[in-house]
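Novice: For reference, the chains in residue letters:
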Amino acid sequence: MKTIRRALVALSLAGTIAGVLRLRGKGGVPPQAGGWREVSVPPK
Amino acid sequence: MSEPAAVSESAPIVGVIGCGVTGSRVVAHLVHLGYRVAAFDVLRGNAVSCTRPRGGVVVERVTDLAACDLVMLCLPAPHAELAAQFLRDGTPVVSLGDDLDDLRVMLGLTDLTRRHGTAMIIGAGMAPGLSGLIARYLADQLAVVDELHVAIHGTAGPACARQHHDALGGTALGWHHDMWIEPPGGSGRDLVWFPEPVEAHDCYRAALGDPLLLHEAFPSASRISARVSATRRDRMTSRLPMLTPPHATGDTGAVRVEVRGADERGGRVTLIAGAAARTADLTAAVAAAAASRMLEQGVEPGVHTTGCATVSSLELLHHATMLGVRVQEFTGVARATGW
Numbered sequence: 604m605k606t607i608r609r610a611l612v613a614l615s616l617a618g619t620i621a622g623v624l625r626l627r628g629k630g631g632v633p634p635q636a637g638g639w640r641e642v643s644v645p646p647k
Numbered sequence: 634m635s636e637p638a639a640v641s642e643s644a645p646i647v648g649v650i651g652c653g654v655t656g657s658r659v660v661a662h663l664v665h666l667g668y669r670v671a672a673f674d675v676l677r678g679n680a681v682s683c684t685r686p687r688g689g690v691v692v693e694r695v696t697d698l699a700a701c702d703l704v705m706l707c708l709p710a711p712h713a714e715l716a717a718q719f720l721r722d723g724t725p726v727v728s729l730g731d732d733l734d735d736l737r738v739m740l741g742l743t744d745l746t747r748r749h750g751t752a753m754i755i756g757a758g759m760a761p762g763l764s765g766l767i768a769r770y771l772a773d774q775l776a777v778v779d780e781l782h783v784a785i786h787g788t789a790g791p792a793c794a795r796q797h798h799d800a801l802g803g804t805a806l807g808w809h810h811d812m813w814i815e816p817p818g819g820s821g822r823d824l825v826w827f828p829e830p831v832e833a834h835d836c837y838r839a840a841l842g843d844p845l846l847l848h849e850a851f852p853s854a855s856r857i858s859a860r861v862s863a864t865r866r867d868r869m870t871s872r873l874p875m876l877t878p879p880h881a882t883g884d885t886g887a888v889r890v891e892v893r894g895a896d897e898r899g900g901r902v903t904l905i906a907g908a909a910a911r912t913a914d915l916t917a918a919v920a921a922a923a924a925s926r927m928l929e930q931g932v933e934p935g936v937h938t939t940g941c942a943t944v945s946s947l948e949l950l951h952h953a954t955m956l957g958v959r960v961q962e963f964t965g966v967a968r969a970t971g972w
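Residue numbers (the working numbering), protein chains in the order written: chain A, 604 to 647; chain B, 634 to 972.
Calculated from the structure, these hints are not laboratory results. Check before you lean on any hint, since a few could be wrong.
If you want a taste of the chain B side facing chain A, the calculated C-beta under 7 Å gives, among others [claimed, not checked]:
{"id": "1", "residue": "HIS810"}
{"id": "2", "residue": "GLU829"}
{"id": "3", "residue": "GLN930"}
{"id": "4", "residue": "GLU948"}
{"id": "5", "residue": "MET955"}
{"id": "6", "residue": "ARG959"}
{"id": "7", "residue": "VAL960"}
{"id": "8", "residue": "GLN961"}
{"id": "9", "residue": "GLU962"}
{"id": "10", "residue": "PHE963"}
{"id": "11", "residue": "THR964"}
{"id": "12", "residue": "GLY965"}
All C-beta atoms in this analysis are idealised placements derived from N, C-alpha and C, irrespective of residue type, glycine included.
Chain A with its partners taken away, still in its complex shape (with noise of 0.2 Å):
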């Protein structure tokens, strides 16, 4: 029972850590503007 309690606990914990680093996290941002035009490479 002990054991379980414990289990329940450190997932709980767990959970709560993953939540927070998950919404305070910074991911990747895509572009929101702007895009990819063909340049030429002209000889120097």
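Start from chain A and add chain B according to the hints.
Specialist: Just chain B now, kept in the frame of chain A:
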């Protein structure tokens, strides 16, 4: 591409070792440019099928290629030992290898090349290769280069796919605040927007050769990183043998190079450019351009990378575009990322 040049009896002979997905495209470019080609592959049928229809010859032994005017190594790594063999004979070499350890050894062949009065261009593929050319193209627009960040997507042939798989499971290399760092492969996720049609992919650190070669070319840059695109499955299985066979003919690939620095007035500038096409096509165009310019113009003895100032006079990027590489530039305002 331009009209094919006629192959004359006095045209230089280029030896090609490895006639797989990339090697066969290299042979096609060389013949198109008017060179005579002699090829070797451990699977003789590959060499025959890609060379004979184009008027080239197939040799029985690698050593038969020592008489060539230049030798291209298009086979899977390692290349260093083979390259040293040709350099000792005074034959210039172009290597498409992207294995990090192999590149380290090849960089150490500088003394050998100088002793024998010959030259070698290493990492003449997509990345390293095209990445270095684009980095030089962007760096030339800046007064000061502080950071270089490369991201790659896609693989050429099956050997290239195996190399990428191993790289993701290996130890990565990066240049961070003027010292080498070795984070684990598969770490450092970043969402990278590649040129069209590849677009957005999550990319991770891996044992890639770009930081090593870009540091040679841009020793004053304080941060250099390279990442490769990967899926969750790629990352989970990166330390295992490949579970599914690699794509036999490769796939669409892309390279994206971001250079950060300052303009002449000290203003911070970030420039981004890249290219996207079939990975083998990009690789073969860069390799063939390197071989062709080396033969036509010559390079001073030594080991050179595509980003080095020592080969900038060869105008490799311009010649690669003549062979079908489309360079694209990001036109938006670059934003800071986690790099």
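Novice: Work down the list of hints and note, for each, if the structure agrees.
Specialist: Hint check results:
Checking HIS810 (chain B) against chain A: minimum C-beta separation of about 20 Å lies over 7 Å; hint violated. At a threshold of 7 Å, the smallest CB-CB gap from GLU829 (chain B) to chain A is about 5 Å, leaving the interface hint in force. Restraint check, GLN930 (chain B) versus chain A: the minimum CB separation of about 12 Å is more than 7 Å; hint violated. Taking 7 Å as the C-beta contact cut-off toward chain A, the hint placing GLU948 (chain B) at the interface holds, the least distance being around 5 Å.
Using the Cβ-Cβ criterion of 7 Å, the hint placing MET955 (chain B) at the interface with chain A is not satisfied: the shortest such distance is roughly 9 Å. Contact between ARG959 (chain B) and chain A, as hinted, is supported at the beta carbon level, the nearest pair being about 5 Å apart and thus within 7 Å. Evaluation of the VAL960 (chain B) hint against chain A yields a held restraint, the C-beta minimum of about 5 Å falling below 7 Å. Checking GLN961 (chain B) against chain A by beta carbon gives a least distance of about 4 Å; that is within 7 Å, so the hint holds.
Of the supplied interface hints, the one on GLU962 (chain B) holds, with its beta-carbon coming within about 5 Å of a beta-carbon of chain A, less than 7 Å. Proximity of PHE963 (chain B) to chain A holds as hinted, the smallest CB-CB distance being about 6 Å (cut-off 7 Å). Taking 7 Å as the C-beta cut-off, the interface hint given for THR964 (chain B) holds, the closest approach to chain A being about 5 Å. A hinted interface residue such as GLY965 (chain B) counts as satisfied when its beta carbon comes closer than 7 Å to some beta carbon of chain A; here the least separation is about 2 Å, so the hint holds.
Checked against the numbered hints given earlier, the structure breaks hints 1, 3, 5 and satisfies all the rest.
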